[in-house]
Each structure stands twice: as structure tokens, then as C-alpha cells.
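Trainee: Chain by chain, the residues:
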Amino acid sequence: MSEILEHWLEGKGLPDTLVIDGHIHIGEWPHNTTFRSADEAILKSQQLMDIHGIDAICALSGGYIFGNPDYRLGNDFLLKVWKGIPDRLIPFMSVNPNDTHRNIIDELDRMYSSGVRCIKLINAYQNNYPGVGPNLMAVYEYADSHRMLVLNHSWMDTDLAIIAQRFSGTDFICGHLRSGRIVKEMPNVYVNTWGFHSAGVLEKYISEIGYGKFVLGSDGFLNCLSVGIGPIVFARITDHEKRMILGITLARLLDKIGALPSSIKKKYPDFLCGG
Amino acid sequence: MKASAKMPSLDELNIFDSCVTIGRVVGLTECYPDAETLLNMMDRYRIKEALVHEHHARVVYPREHGNRRLMEMIDGHARLVPCWVIEPPDKPGKDPAEALVEEMLEAGVKVARLKMRPKSPLPWLWENLFAVLEEHRVVCFLDFGTDTTRGDLLDSDVNGIRELALAHPGLPLVISFTMGGLGIHPAVLPLIWRTENIFLDNAGILEFWRVIAHEISPQRIIFATAAPFVDPAVLISNIQYEPGLALDAKRAICGGNLRRLLEAVR
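From first to last, the protein sequence lines stand for chains X and U.
Under the working numbering, think of the first position of the first sequence as 1, with each following residue one higher.
Under the working numbering, think of the first position of the second sequence as 276, with each following residue one higher.
Worth flagging that the hints you see were computed from the coordinates, not collected in a lab.
Honestly, I wouldn't trust all of these hints.
Claimed, not checked - Calculated pairs, PhoX-like style, for lysine-lysine (alpha carbon to alpha carbon, straight line, at most 25 Å):
id, chain 1, residue 1, chain 2, residue 2
1, U, Lys323, X, Lys12
2, U, Lys281, X, Lys44
3, X, Lys266, X, Lys256
4, X, Lys44, X, Lys83
5, X, Lys12, U, Lys277
Claimed, not checked - Per label pair, the in silico range of CB-to-CB distance:
id, chain 1, residue 1, chain 2, residue 2, range
6, U, Tyr336, X, Gly133, 44 to 52 Å
7, X, Ser207, U, Glu347, 28 to 36 Å
8, U, Arg392, X, Met1, 36 to 44 Å
9, X, Arg252, U, Tyr336, 50 to 58 Å
10, X, Met156, U, Ser395, 19 to 27 Å
11, U, Glu381, X, Ser207, 53 to 61 Å
12, X, Gly133, U, Arg534, 50 to 58 Å
13, X, Met1, U, Ser492, 46 to 54 Å
14, X, Thr100, U, Leu429, 36 to 44 Å
15, X, Ser168, U, Ser395, 52 to 60 Å
16, U, Leu429, X, Lys204, 28 to 36 Å
17, U, Leu429, X, Asn103, 17 to 25 Å
Glycine included, each C-beta is placed from N, C-alpha and C at the ideal position.
Work the whole structure out from these sequences, hints included.
Mentor: This is the structure in C-alpha cells:
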């Protein structure tokens with residue numbers, strides 16, 4: 001039996017396994033379900049990581065990303081929380097592509113100079129701004145020239161094919177479970193694992209496009225973190241494949257752009273090299 | 276990394292899954308066309324027992340064909356507990372309802388999945404059937420799902436449930452298949468506060484069940500994987516690693532509550 005599954009079934013979390021949750025929302029939120037202050041977020045997010053056996057989270061700024069709020073407020077919150085737990089949180093800044101080109105670039109500059117190396121997009125919830133619209137193309141351009149990682153809630157296949165090819169030096173992560181030719185064929189495209197999917201879907205997609213394309217993402221703290229981990233742990237794949245999906249693949253992507261906390265590198269030096 | 280506090284093992288939770296669908300479902304990656312396949316899935320997820328209904332009984336008339344097929348499919352498998360899908364007889368009066376419930380009980384079926392679609396919880400329509408079910412304390416799942424286990428509640432549904440629950444306080448009613456992800460109809464929490472006999476299954480609900488368990492009582496939540504329409508790993512891990520509930524509360528949700536309701540059927 002899988003050692004990872006055995007530990008999980010016993011309620012021990014994921015011992016000896018590097019786990020990075022690649023899709024976490026943090027900050028004020030329209031549903032009022034997440035933390036109410038940066039201090040609370042610092043304290044409780046660590047508790048939740050500890051309970052589930054998660055080393056670090058990729059945190060996306062909160063509810064300011066939807067509709068027309070000032071997304072910079074969400075980024076400010078994110079920076080505050082990051083300051084509190086720099087070893088366990090990897091910040092993903094946000095922009096709203098409906099803003100002016102100037103404001104977007106200014107915000108990218110502000111966050112980049114604060115040390116942020118990852119971007120979260122959600123244009124599907126921002127008046128459905130086109131995935132290859134001029135302001136998003138400017139964001140990809142910026143990411144490409146500054147060696148940043150880009151995660152989006154979702155891209156249309158046609159858009160993803162264009163941007164992954166044009167910005168081939170940048171890694172792109174689709175925010176929710178999916179399969180498909182583009183993800184399989186483009187070496188710089190990856191997928192977060194969360195989706196309210198039916199039985200067997202994750203395994204099917206892994207067999208279609210390969211385990212190396214998937215990275216854990218639970219959509220916490222809106223969801224309980226366990227709902228993202230459970231399907232990976234129970235999947236009928238090898239422990240090596242589970243370890244890659246639970247943390248190693250994402251750690252390598254983050255390390256490439258200098259966004260992996262040094263404490264993780266120190267704790268898991270062997271995981272970051274080799275295949 | 277290792278978890279900071281040990282959570283209960285799945286075996287300790289003694290899971291009685293209140294919602295598993297048997298039968299072939301075209302288009303799903305995985306389904307359970309027979310008892311053996313279903314039992315294999317249950318072993319994999321450490322599910323001790325399961326309430327099972329037949330897929331076609333939910334989606335094809337006459338429902339009794341699916342219900343009968345269910346009995347043949349699970350015959351001889353004690354871990355699989357039958358659940359019939361029924362709806363109110365068209366004919367008014369208590370006699371048709373009595374005949375239906377008698378047939379169920381004689382077949383050894385103590386649980387009914389009451390299809391609330393397309394016939395919504397209109398009190399005048401369900402009244403006779405509810406009265407007979409109440410006499411026997413039959414456990415009733417109010418099924419608001421569509422072809423899958425995903426559904427939604429309208430204001431009129433909530434009103435209808437309330438009226439029926441208050442009129443039949445001895446009848447356990449489990450609101451089921453109200454896929455809500457993070458939240459469901461905002462009146463569900465106040466409704467459960469205001470009644471003694473309404474429960475909620477967590478099929479399709481990632482977070483809202485927690486609010487009921489913490490604010491009212493874990494006794495009001497009935498565990499369901501909704502497999503195969505939902506990956507069982509999602510909801511099983513969700514409860515196993517819930518940080519805010521004690522083992523007793525988790526065990527109640529995972530099976531204790533349902534077992535208690537089944538024992539009361541007469």
C-alpha cells in the first residue's frame with residue numbers, strides 16, 4: 001500500500017513529504033469566510049497548515065480581485081501576511097486588467113520591488129476581460145521579462161496556446177483541474193488540482209497528460225485544505241508521482257524564479273534536484 | 276510534512292455513507308455498475324456501510340423498476356443498505372401512500388429518497404405520504420438533485436420543507452443534494468434552528484455543514500460522499516481532517532446519526 005496514503009488514513013498528515021498548496025485565497029472576501037485581519041491570517045493559516053501537514057502555501061490576494069474593487073488593497077493585505085510568515089507563504093499578487101495600463105504596470109513594479117515573483121489572474125471574474133486582451137498581454141510581457149510565474153483561474157485553450165508559445169520562458173498554471181492537448185503539449189503549462197470533480201477524474205487526467213503537469217491546489221482557505229489533498233493521496237498512482245504533485249514540481253517552478261522560501265530548500269534539499 | 280496533531284483514522288470514524296449511487300452512469304469516469312465494484316470502492320475509502328439507491332430510480336420512470344433492480348443488485352450484501360426513490364402517489368388519500376410504504380417496509384427498506392424534483396415540496400401534494408412515513412419513522416432524504424447529485428433550493432422549497440417538518444415532527448427529514456460548495460440557501464441554518472427533525476447531508480457541501488455542526492449540533496449532519504458523482508476522497512478527507520470537531524462529533528456525523536435514525540424505524 002502507498003506509504004503516503006497509509007499516513008493520511010491514520011490521520012498523521014503527510015510525514016516526510018514536501019507539501020506546497022499552490023492555490024490559497026487569503027484576505028477579505030465577499031463570502032465572509034476567510035480571515036478578518038492580517039494577524040488572524042498569520043496565526044490561523046499556520047495552524048491550518050500544521051494540522052494538514054503542509055509546508056507552505058501560495059497565497060493569492062483576497063476578495064479585491066473580483067469585479068471592480070481596488071486590487072491594490074488585496075495586495076497590501078497579502079504583503080502584511082507575507083511579512084508575518086515569509087518561510088511558509090509565497091505571495092501571488094493580483095491586478096485587474098480593466099484598470100489602465102499605467103496603473104497595472106505601476107502595481108507590478110510596486111509588488112516586484114517588494115519581492116513578489118508570482119502573479120494571480122482571474123479575468124473570468126473581471127467582466128470576462130479577454131485572456132489575450134492588451135492589458136493582460138502587458139502583464140505576461142512583464143512576467144516574462146522579470147521571470148515571474150503566472151497563475152490564472154482559467155484560460156481559454158486558444159488564449160493559452162498563444163501566450164504559452166509567445167512567452168515560452170514563463171511558466172503558466174491553470175487554477176483548476178483540467179486536461180487537454182494544450183496542457184499536455186506546452187512544456188510551460190501546469191494545472192492546479194482542485195475541482196469539484198467526480199470519482200476517477202484526477203487519475204484519468206493524470207494518465208492523459210502526465211503527473212508532471214499537476215500541482216496541488218485546494219482553493220483554501222475557502223475550502224478546507226484537506227479537500228485538495230485527499231484526491232491526490234487516494235489516487236491510484238505511485239508515491240513518487242504523489243510527491244511530485246503534492247509539492248516537488250511546484251517547488252522547482254518557484255525555485256526557478258527565486259520565489260521558494262530558503263527554509264523549504266534547506267528542509268528538503270534532495271527533493272529539488274533529480275527527476 | 277507530518278501533521279502537528281493527529282487526526283482520527285478513517286477506521287475510527289466508522290463511516291456509514293448515506294449516499295452512494297449504484298448502476299451504470301454513462302459519461303462518468305467511474306461508476307459502480309454492480310455490488311462488487313461498489314464494495315471495492317468502499318474498501319478503498321474505509322466505508323463500513325452505505326445507503327445505496329439505484330441510479331435509474333432517480334432519473335427514469337417508473338421509479339419502481341430501479342428500486343426493484345436495486346434489491347437484486349445488493350441482495351446478500353449486508354454492508355449495502357437499500358434506499359428507495361419514491362414520490363407521492365398522484366391519487367389523493369392515505370390508501371395509495373400506505374400501499375407504497377408497506378411495500379417498502381416489507382422489502383426491508385427503511386429509508387426513502389423523496390424526489391423533490393420535478394414535484395417540489397408542495398405540502399398538499401406530499402401530505403398523505405409524509406403522514407404514513409411518519410407513522411413508521413422512515414428516514415427520508417429530501418432529494419433536490421437533478422440527474423446528478425447537484426441541486427439547489429428555492430425560497431418556496433424552504434417554506435415547503437418547514438411546513439411539512441412542523442406538521443410531521445416525528446419524521447426525520449434530511450435535506451439532500453443541495454450542492455452549495457461554500458454556502459447554500461441562507462435560510463437553511465435558521466430553518467434547522469427552528470425545527471427538531473431536519474438534518475442536512477453534506478453531499479456537495481464543502482463548508483456549510485461545518486456551520487451547522489458548530490452552531491447547532493453535529494447531530495444534525497449526515498455524512499454522504501455522493502459517489503460516484505463526487506470523488507469520495509473530497510468529502511471523506513474534509514471531515515477526517517476537520518480541525519474543530521472532537522472525535523465523538525465526527526463519529527456521529529460519519530455514521531452514528533444515521534444508525535440512530537435507522538434503529539428508530541418501526
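Trainee: So if I understand the rule, the pair passes when the alpha-carbon distance is 25 Å or less; does U/Lys323 with X/Lys12 pass?
Mentor: holds, 21 Å
Trainee: With respect to the beta-carbon atoms only, verify the hint that X/Met156 and U/Ser395 lie 19 to 27 Å apart.
Mentor: Cβ of X/Met156 to Cβ of U/Ser395: about 37 Å, so the range 19 to 27 Å is violated.
Trainee: Given the hint that X/Lys266 pairs with X/Lys256, test it: the Cα-Cα distance must not exceed 25 Å.
Mentor: Distance ~16 Å between X/Lys266 and X/Lys256 Cα, so the pair holds.
Trainee: Holds or violated: X/Lys12 and U/Lys277, Cα atoms, limit 25 Å.
Mentor: Holds, at roughly 6 Å.
Trainee: Just to be careful, I want the Cα atoms of U/Lys281 and X/Lys44 compared with a cutoff of 25 Å; is the pair within it?
Mentor: holds, 18 Å
Trainee: Quick one: are X/Ser207 and U/Glu347 within 28 to 36 Å, going by C-beta?
Mentor: holds, 33 Å
Trainee: Holds or violated: 28 to 36 Å for the Cβ distance of U/Leu429 and X/Lys204?
Mentor: holds, 34 Å
Trainee: Holds or violated: 36 to 44 Å for the Cβ distance of U/Arg392 and X/Met1?
Mentor: holds, 41 Å
Trainee: Using the Cβ atoms, figure out if X/Met1 sits within 46 to 54 Å of U/Ser492.
Mentor: Given range 46 to 54 Å: violated, Cβ gap about 36 Å.
Trainee: So does X/Ser168 sit 52 to 60 Å from U/Ser395, Cβ to Cβ?
Mentor: holds, 54 Å
Trainee: Falls inside 17 to 25 Å, the C-beta gap from U/Leu429 to X/Asn103?
Mentor: violated, 42 Å
Trainee: In this structure, is the beta-carbon distance linking U/Glu381 and X/Ser207 contained in 53 to 61 Å?
Mentor: Since the Cβ atoms of U/Glu381 and X/Ser207 sit about 46 Å apart, the hinted range of 53 to 61 Å is violated.
The structure is inconsistent with the numbered hints 10, 11, 13 and 17, although it conforms to all the rest.
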